[in-house]
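Go by the hints and put chain G onto chain B.
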Amino acid sequence: MGFIILTVLILGATFLGLAFHRFWTSRPEAKSTLIYAEIARMFLAWLALRAVEMRRQASPRAWWASLKGLPLWREPVLEKWLFICFYGSFLYLAASGFFFGIFIPRGMFGYPLVAHVMAGGLFAVCLTIIVLFKGRDFISVPKPASLSLSLLDPRAMGITAARVKLWAFWLFAAAGVLLILSALLPMLPLLRTGGQRFMFGFHRHSALVSLAAAMVFAGLEIFASGVKRPE
Amino acid sequence: MSGSGRTILRAAGGALAAVLLAAAGARAQTAATPAAPAAPSNAKHTVWDGSRTLPVHLLPLRDENDEPIIPTETDPMPYSARFTCGPCHDYDAIKSGWHFGAMTANSSGRPGEPWLEVDPKTGTILPLSYRKWPGLYDPKAAGLTAWDFTMLFGRDLPGGGPAEPPDEEALAEPDARWNVSGRAEVNCLACHNRSGRQDHSEWAKQVLRENLRWAATAAAGIGEAGGMASRLKETWDVVEGPNLDDHEWAVAPSVSYRTTDFDSKHRYFFDLNYQPSDDRCLVCHSVAPKDAAHWSADRDVHSAAGLKCTDCHRGDIRHQMLRGYEGEATETGNAAAAAFTCRGCHLGEDADGRKTVTPGRLGAPYPKHTGIPLAHFKRLACTVCHSGPKPQEGFTRVRTSRANRLGIYGVATWSTDTPAIIEPVYKKAEGDRITPQRLVWPAYWARRSGKDLVPLKPADVEAAAGVTLKPEANIAQVLIALTQVTAEDETPVLVSGRFVFTPNVDGGIDASERAGVKDDAKASWAIRKDGTVSPLVPDFDPAASDKDPAIEPRLQEFLQALGTVTEKPGEPAIVVRQTLYRFAGGFLDVSEAPAGLAGASGPGWLVDDKLVPLVSDFDIRTVTAKAGTERTLTEEQVELVLAVLAKSVAGGEPVYVANGRLFQLGRGGRLAARKDPHAAPVTWPLAHDVRPAQQSLGWNGCTDCHSGGSGFFFDTIKAAGPLLTKSAASRSASSFMGLGGLFQRVFGLSFIVRPVFKVVLGICAVIAGALLVLAGLVALGRVAGFMEKR
Numbered sequence: 000m001g002f003i004i005l006t007v008l009i010l011g012a013t014f015l016g017l018a019f020h021r022f023w024t025s026r027p028e029a030k031s032t033l034i035y036a037e038i039a040r041m042f043l044a045w046l047a048l049r050a051v052e053m054r055r056q057a058s059p060r061a062w063w064a065s066l067k068g069l070p071l072w073r074e075p076v077l078e079k080w081l082f083i084c085f086y087g088s089f090l091y092l093a094a095s096g097f098f099f100g101i102f103i104p105r106g107m108f109g110y111p112l113v114a115h116v117m118a119g120g121l122f123a124v125c126l127t128i129i130v131l132f133k134g135r136d137f138i139s140v141p142k143p144a145s146l147s148l149s150l151l152d153p154r155a156m157g158i159t160a161a162r163v164k165l166w167a168f169w170l171f172a173a174a175g176v177l178l179i180l181s182a183l184l185p186m187l188p189l190l191r192t193g194g195q196r197f198m199f200g201f202h203r204h205s206a207l208v209s210l211a212a213a214m215v216f217a218g219l220e221i222f223a224s225g226v227k228r229p230e
Numbered sequence: 000m001s002g003s004g005r006t007i008l009r010a011a012g013g014a015l016a017a018v019l020l021a022a023a024g025a026r027a028q029t030a031a032t033p034a035a036p037a038a039p040s041n042a043k044h045t046v047w048d049g050s051r052t053l054p055v056h057l058l059p060l061r062d063e064n065d066e067p068i069i070p071t072e073t074d075p076m077p078y079s080a081r082f083t084c085g086p087c088h089d090y091d092a093i094k095s096g097w098h099f100g101a102m103t104a105n106s107s108g109r110p111g112e113p114w115l116e117v118d119p120k121t122g123t124i125l126p127l128s129y130r131k132w133p134g135l136y137d138p139k140a141a142g143l144t145a146w147d148f149t150m151l152f153g154r155d156l157p158g159g160g161p162a163e164p165p166d167e168e169a170l171a172e173p174d175a176r177w178n179v180s181g182r183a184e185v186n187c188l189a190c191h192n193r194s195g196r197q198d199h200s201e202w203a204k205q206v207l208r209e210n211l212r213w214a215a216t217a218a219a220g221i222g223e224a225g226g227m228a229s230r231l232k233e234t235w236d237v238v239e240g241p242n243l244d245d246h247e248w249a250v251a252p253s254v255s256y257r258t259t260d261f262d263s264k265h266r267y268f269f270d271l272n273y274q275p276s277d278d279r280c281l282v283c284h285s286v287a288p289k290d291a292a293h294w295s296a297d298r299d300v301h302s303a304a305g306l307k308c309t310d311c312h313r314g315d316i317r318h319q320m321l322r323g324y325e326g327e328a329t330e331t332g333n334a335a336a337a338a339f340t341c342r343g344c345h346l347g348e349d350a351d352g353r354k355t356v357t358p359g360r361l362g363a364p365y366p367k368h369t370g371i372p373l374a375h376f377k378r379l380a381c382t383v384c385h386s387g388p389k390p391q392e393g394f395t396r397v398r399t400s401r402a403n404r405l406g407i408y409g410v411a412t413w414s415t416d417t418p419a420i421i422e423p424v425y426k427k428a429e430g431d432r433i434t435p436q437r438l439v440w441p442a443y444w445a446r447r448s449g450k451d452l453v454p455l456k457p458a459d460v461e462a463a464a465g466v467t468l469k470p471e472a473n474i475a476q477v478l479i480a481l482t483q484v485t486a487e488d489e490t491p492v493l494v495s496g497r498f499v500f501t502p503n504v505d506g507g508i509d510a511s512e513r514a515g516v517k518d519d520a521k522a523s524w525a526i527r528k529d530g531t532v533s534p535l536v537p538d539f540d541p542a543a544s545d546k547d548p549a550i551e552p553r554l555q556e557f558l559q560a561l562g563t564v565t566e567k568p569g570e571p572a573i574v575v576r577q578t579l580y581r582f583a584g585g586f587l588d589v590s591e592a593p594a595g596l597a598g599a600s601g602p603g604w605l606v607d608d609k610l611v612p613l614v615s616d617f618d619i620r621t622v623t624a625k626a627g628t629e630r631t632l633t634e635e636q637v638e639l640v641l642a643v644l645a646k647s648v649a650g651g652e653p654v655y656v657a658n659g660r661l662f663q664l665g666r667g668g669r670l671a672a673r674k675d676p677h678a679a680p681v682t683w684p685l686a687h688d689v690r691p692a693q694q695s696l697g698w699n700g701c702t703d704c705h706s707g708g709s710g711f712f713f714d715t716i717k718a719a720g721p722l723l724t725k726s727a728a729s730r731s732a733s734s735f736m737g738l739g740g741l742f743q744r745v746f747g748l749s750f751i752v753r754p755v756f757k758v759v760l761g762i763c764a765v766i767a768g769a770l771l772v773l774a775g776l777v778a779l780g781r782v783a784g785f786m787e788k789r
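Keeping their order, the protein sequence lines are chains B and G. Residue numbering for the first sequence follows numbering that gives the first Met the number 0, beginning at 0 and increasing consecutively. Residue numbering for the second sequence follows numbering that gives the first Met the number 0, beginning at 0 and increasing consecutively.
This is chain B alone, in the form it adopts within the complex (with noise of 0.2 Å):
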């Protein structure tokens, strides 16, 4: 029951502020006050007029014109499957264990238990490869430090949309290296039930990490394509 409620409120906050960040660069009348109040007054009609438009314009064409116009399928033909095999595994492995994390008392079992493991392999082979050949444009290169108490302020940090998507990566590939392990030490003869346990509960929570993570990219990054500047 706790994962469920944690769950519910990272996935949540994930997507109330991804929704946020859209409504602060892209609406104008977001900067007009100072009102706290006032500004999410503002942000939750956007929300809900967003919400309305949203589910207006979706459809099953609208959904397939959205998949064709990804960038995905002007790739080269390796860069191509390799970003199919690896949002198709993840979307795979997300949809089958949070489903029946959160729905299903008895856990995974059955086929799409089956199907989980194949696409965990998968998702294990793709990640690899994606953070071996393409983790160089995710680097992120942070100014030398100097100690001062500006260190705390979160202003002079430095925090933008691009640093948070490339934070995003990492931390995405770091859970993802977590879930590989987690996935593949129960398999060999090293952990007793408690080291079972631990384990099953550390893939759960590297997973909703991972989601976490990959919202925050995906969000940023779809933003960051389609995003009107203000004028």
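If you're looking for bench data, these hints aren't it; they were derived computationally from the structure. For every residue, glycine included, the Cβ atom is placed at its ideal position computed from N, Cα and C.
Simulated coverage check for chain B against chain G, where a stretch passes if three residues somewhere in it have a Cβ under 8 Å from a Cβ of chain G:
| id | region |
| --- | --- |
| 1 | 101-112 |
| 2 | 126-136 |
| 3 | 163-173 |
| 4 | 176-184 |
| 5 | 191-202 |
Leaving out everything else, chain G in the frame of chain B:
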């Protein structure tokens, strides 16, 4: 204060202290003892004084009338546990215990081994229990009175329960003979006697002789019981004593005490155990693979470690023995029971997996379970991997004490092969956990009553069926009759198909196979001598002058012998080449066979100037079909019996349940088989023998169970039963678990590539992990300014 006042105060204070101490003691006892009772109505020896010793039981014996027994007097009564043990131990509380109180118990608990009424002649294997367990019939619903039940199963009852019915129930059974036999009281000594004289075989013998009130005395070796109540008239009363004029039969039971075990005050020394020893439990609870050699049987690991059955299966004076299954604590309200399950003792977990129990009782080791995924602990009982025979060896056919009458010894062989019980069948039970179970397929005749079946008593079926169920007896009576005139080294036999049938000491026939003979070889009567089978009536020319002079006297002997057969349709006769031999007026009558016997040959019955075979083709066809199998019925027999029952049984269509199918007469009176829930196998969980860790499932890896051809999932059980049929049900092991066989096969096959999968995951983890560490170090070096100073 006066002296008397101080005395009263001291007395009151002392009494108060005693009460408090007793209460504290009782509370401590409650905490430490698993089955701590609510105080029984009669508080006899219910509070332990703390001594771990057992008092010497040198006791005056008392009989069922609560009169003292003088062992040297003439015709003493047998001892009564109620009145000998009862003064110190609450007999009524004991009487409600697990082993005695099935008829009156409020809850039944987890299913246990049923009582199996087995009657090979009618093909009956009827699972019975007074407890409300699925798939079993209440003996009362099956038409069995407490008397019937006692006579059927008393050999393995420890007294009490149905063997000691209350007066109103005993009087309500008009056919019962409680007045003659007495009642078998709770037999304390069956379990608590430490003496090597305790003899279960003697108990069984006395019960079958209807010597119920004498059985405990005889079985314990306290005295020697003689006589047979079963031979007495129903009007006999124990106060009458033996009939002094009857020296030949000596039927009235009596007891002769072993006087050397009594002291001068007529007190008997009981050599007792507080905790019954294992061999007392195993008298009724032994299970062993059929046909296994004694030396090859390993003990349960707990026994090998020095534990006794009663170290785990404990109980207080109420004798509500802990059975040790998960959920028992909740069902019985005895919280301490949670500590005596596998999980409780070894893991300290209750049935819900909470760490609420102190583990390690009596040195129970904490299991490592290294590399076993958690799902196994959620979905499997501990016994799946640790108990019973290993499934890689296929299903194991076992025999149990109660079902197969083990542990009873005498001149005759008591143990039986039927019913066929197999284990381990892994079945979903107990809070959705899979548990290993024993399984038996029921077989019985019944009549429909709505959606239910009401079993018919085997005796009623046999009476209605007449000769249809007696082909063996018909053949045996001919062979036994011929045995009277054959030499010692000769055996009269019936030869049919691949089999030779010989008479046995039980009045039946045994079949043995002949090598190199076709299945359809014609049946004939013969004599076996020195392993050679020759025709009973050799082919010879009766008219020849040089015929063997010994032949005709031999034929006369055969005819004389056949004349002694009780159920014969006519006079015996032998026809050889149109010559008719009969035995008439004390002489061999030789005449020309009448026209009606044209073509007839060999021995037979002369009926209406025709030669009828000694036994019918149906009899021969039936026994030949069943020979070499354990089957006792053919489909033809079932069809005939159902047809008879349809006319004689009122209240519903007669059916026969066997081999996992329900048989009934279909269109045109032909036998039809179909699936029916009443034909489903009866199962009950097994817990022992627990194997050592190295022999548990999974010790050799996942493929112990998860492989494409794993016996754990893919063994098939074909329904065993008394009926020779091709319609027998068949089920896969995985179907009992509620699992799909295809999925388990796919899942099992995935373990072929799993080693490669693990290597790939390992490589990925190392590469991706190393890159992550490297990226982290680079970032850290940059933040620290190391990169700039490089």
